[in-house]
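Enquirer: Listed here are the chains, written in short residue letters.
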Amino acid sequence: MTDSLFDLRIAGEIIFFIFVGVSIAGAVIAVFSKRMTRAVLGLALYALGIAVFYLYLGSAFISVMQLLIYVGAICVVIAFAVMLADPSKQSDKRGVIKGLLVLIPGILPGLGLGYLVIKTDWIIVPVGRFPPLSAADIGRKLLVEYCLVFEVISLIFLVAVIGSVIVARMGRNE
Amino acid sequence: MIVLPRLALSILMVLGFIALNGMMLVYMERKVAGHMQRRLGPMEVGPHGILQTLVDGIKLIGKQYIPPYKIDRPLYLLAPVICFVPVVLAFITLPFSEKLQVRDLNVGLLVIFALGSMTVLSLFMAGWSSNNKYSLIGAFRSVSQSLAYEIPMLLSVLSIVLMTNTLSLREIVEAQSPIPHIVFQPVAFLIFFICCVAETNRAPFDLPEAESELTAGFHTEYSGMGFALFFLAEYTNIVVVCATTTVLFLGGWKGIPLPFMQYTGVVWFLIKLYLLVFVMMWFRWTYPRVRIDQLLNLSWKVLTPLALINLVVTAVVLKII
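Residue numbers (my numbering), protein chains in the order written: chain A, 1 to 174; chain B, 1 to 321.
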C-alpha cells in the first residue's frame, strides 16, 4: 500500500493534527463568540473534529453517527432555537452572583468526570489491535447487554419532550 | 491497487461528472419546463440550445462579486463552499456500477445521510449572514423543513436496512438481485422520494427559496460564483438523492445484462437515475407550492406515522418469514 512519492502515514498524522486544531478552534468559537449563530457553527465544527477522531480510532459507524446526530440534528435544532429567539440580540450582562451560580453546574460534572478518569484503571490498547465494532455489534450491545441503561437514557428524552411541550403551552397562554 | 493514482482519478471523474451533470441538468430543467408550458425552452445557443448553460456558466464566472453592506463576512463567504463540499463527498460511496465506485463503505448509507444533513447548516449560515429579511426567513424555513423531513426519510430507509441487514450500498444493490425493493416496499419508496424532494428544497417544497414571496430566499444576496455554487450544489444534490433512491429501491446497476456488465451496469444506473430526476422536474412544473403549515403537517402527521407503521409491519413480516 505504500506509495513511493508520498508516505501516507505521515499524511495521516498531518491530517490528524489539522483536525485537533479544527476541533479546538470550534470549541473556542463556541465558547467565546458573542454572536449566537457563530457559537452554534463553532459547535458544529467541534463535532466534525470529534467525528474525525472516531474515524482514527477505527469506528466508522460512531463517526458517521456523530456527524448525523451532532452536526445534522443537534446543531440544527439549536440553530432553530436561536432563530426563534432573535439571533441579532446581544446577551445582556449578568450579575456576579448569577455568574458564580452558573459555574456550579459547569464545574461539578467536570470534577466528577475528572475523578472517574483518574480512578479508572485504563487498559491501554494500541489503536487497530482489535477489529472495529460493526454497527451490528453496537446494536447488540445497546439492546441486549446494556438494554436497561439505554432505556433509562431514553426516559430522560421523554421527560425533556414533555417539559418542552409544557413550556410551549405556557407560552401560548400568555 | 496504488492508492494515490486511484484517488486522483476518482476525484477527477467525480468532479467532471458533477460539472457536466450540473450543466446538463440546468438545460434539462429548462427544456422540461418549456415543453410542459408549451414553449420550446432555450433554442438560440448551439443546436436546440444545448450550449446555453455553458454560456451562462461563463457569464456567472465573469460576474462581479457584490457582498452587501453589514454582512457577517466569514460566514457569508463560507456558506456556498460548505453547501457544496458535503454534496461532492457523498459521491465517495455511490455505486455507479459493480466496479465503478470510489470506495464501498460498510456504513455507506449513513454517510450519505450524514452529509446530506450538513447542507442545511450551510443554508442557515447563508440566510443568517446575508443580513437580509428574505434570506433569514428562507433559512428559517429550510431548517424547520429539513428537521421535519429527515425523520420519515430515515424511518423509511430503516425498513430496507431491516430487509438487507447491511448499510453498505453495494450489498443493498446485490440483495435485490431478481426483484428490486420497490416491489416489496412501495410505501417506503413513496415516503422516501417525497422526503427527497423536500430535502433538496425543490418545488412543491421549495419554501426556502420561494421566488414569488422571498425573492430568492437564502441566496438572495449572492451573486456570481457564490450563487453558481449554490445552484450547482442543488443540482448535484438532486443527483445524489435520486442515486440513493435508485440504489435503495430500483436495484442500482442491475438490468438486462450487457457485455462487461461490471462496468456497463452504469448505463442502467444512469437511466434509472435520470428517470427519477425527470419525475422531480415534472413535480416542480406541475404542482403549486405548499404552505409552510401544510408542509409540516404532511411530514409530522402523515409521513412519520406511516413510516413507523411501515417499519413495524416490515419487522413483523420479516420475523414470520
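Calculated from the structure, these hints are not laboratory results. All C-beta atoms, glycine included, are put in the ideal place defined by N, C-alpha and C. Possibly wrong hints are sitting among the right ones.
[To be verified] Reference listing, derived: stretches of chain B covered by chain A, where coverage requires no fewer than 3 residues with Cβ under 8 Å from a Cβ of chain A: (1) 97-109; (2) 284-291.
[Stated by the list, open to error] In the DMTMM-like style, the derived pairs of lysine to aspartate or glutamate whose C-alpha atoms are separated by at most 25 Å in a straight line are: (3) B:Lys59 <-> B:Glu44; (4) B:Lys319 <-> B:Glu171; (5) A:Lys34 <-> A:Glu13; (6) A:Lys98 <-> A:Asp137; (7) B:Lys301 <-> B:Glu44; (8) B:Lys133 <-> B:Asp72; (9) B:Lys133 <-> B:Glu213; (10) B:Lys319 <-> A:Glu145; (11) B:Lys63 <-> B:Glu44; (12) A:Lys141 <-> A:Glu151; (13) B:Lys319 <-> A:Glu151; (14) B:Lys70 <-> B:Asp56; (15) A:Lys34 <-> B:Asp293; (16) A:Lys141 <-> B:Asp293; (17) B:Lys319 <-> A:Asp121.
[As the list claims (entries may be wrong)] Which chain A residues stay away from chain B? Per the calculated CB distances, all over 12 Å, these: (18) Arg38; (19) Phe61; (20) Ala73; (21) Ile123.
Enquirer: Does each hint fit the structure? Answer for all of them.
Expert: Now the hints, each set against the structure:
no.: 1; hint: 97-109; verdict: holds (count 3)
no.: 2; hint: 284-291; verdict: violated (count 0)
no.: 3; hint: B:Lys59 <-> B:Glu44; verdict: holds, 16 Å
no.: 4; hint: B:Lys319 <-> B:Glu171; verdict: holds, 21 Å
no.: 5; hint: A:Lys34 <-> A:Glu13; verdict: violated, 33 Å
no.: 6; hint: A:Lys98 <-> A:Asp137; verdict: violated, 46 Å
no.: 7; hint: B:Lys301 <-> B:Glu44; verdict: violated, 47 Å
no.: 8; hint: B:Lys133 <-> B:Asp72; verdict: holds, 14 Å
no.: 9; hint: B:Lys133 <-> B:Glu213; verdict: holds, 12 Å
no.: 10; hint: B:Lys319 <-> A:Glu145; verdict: holds, 22 Å
no.: 11; hint: B:Lys63 <-> B:Glu44; verdict: holds, 21 Å
no.: 12; hint: A:Lys141 <-> A:Glu151; verdict: holds, 13 Å
no.: 13; hint: B:Lys319 <-> A:Glu151; verdict: holds, 23 Å
no.: 14; hint: B:Lys70 <-> B:Asp56; verdict: violated, 29 Å
no.: 15; hint: A:Lys34 <-> B:Asp293; verdict: violated, 33 Å
no.: 16; hint: A:Lys141 <-> B:Asp293; verdict: violated, 40 Å
no.: 17; hint: B:Lys319 <-> A:Asp121; verdict: violated, 42 Å
no.: 18; hint: Arg38; verdict: violated, 7 Å
no.: 19; hint: Phe61; verdict: violated, 5 Å
no.: 20; hint: Ala73; verdict: violated, 7 Å
no.: 21; hint: Ile123; verdict: holds, 26 Å
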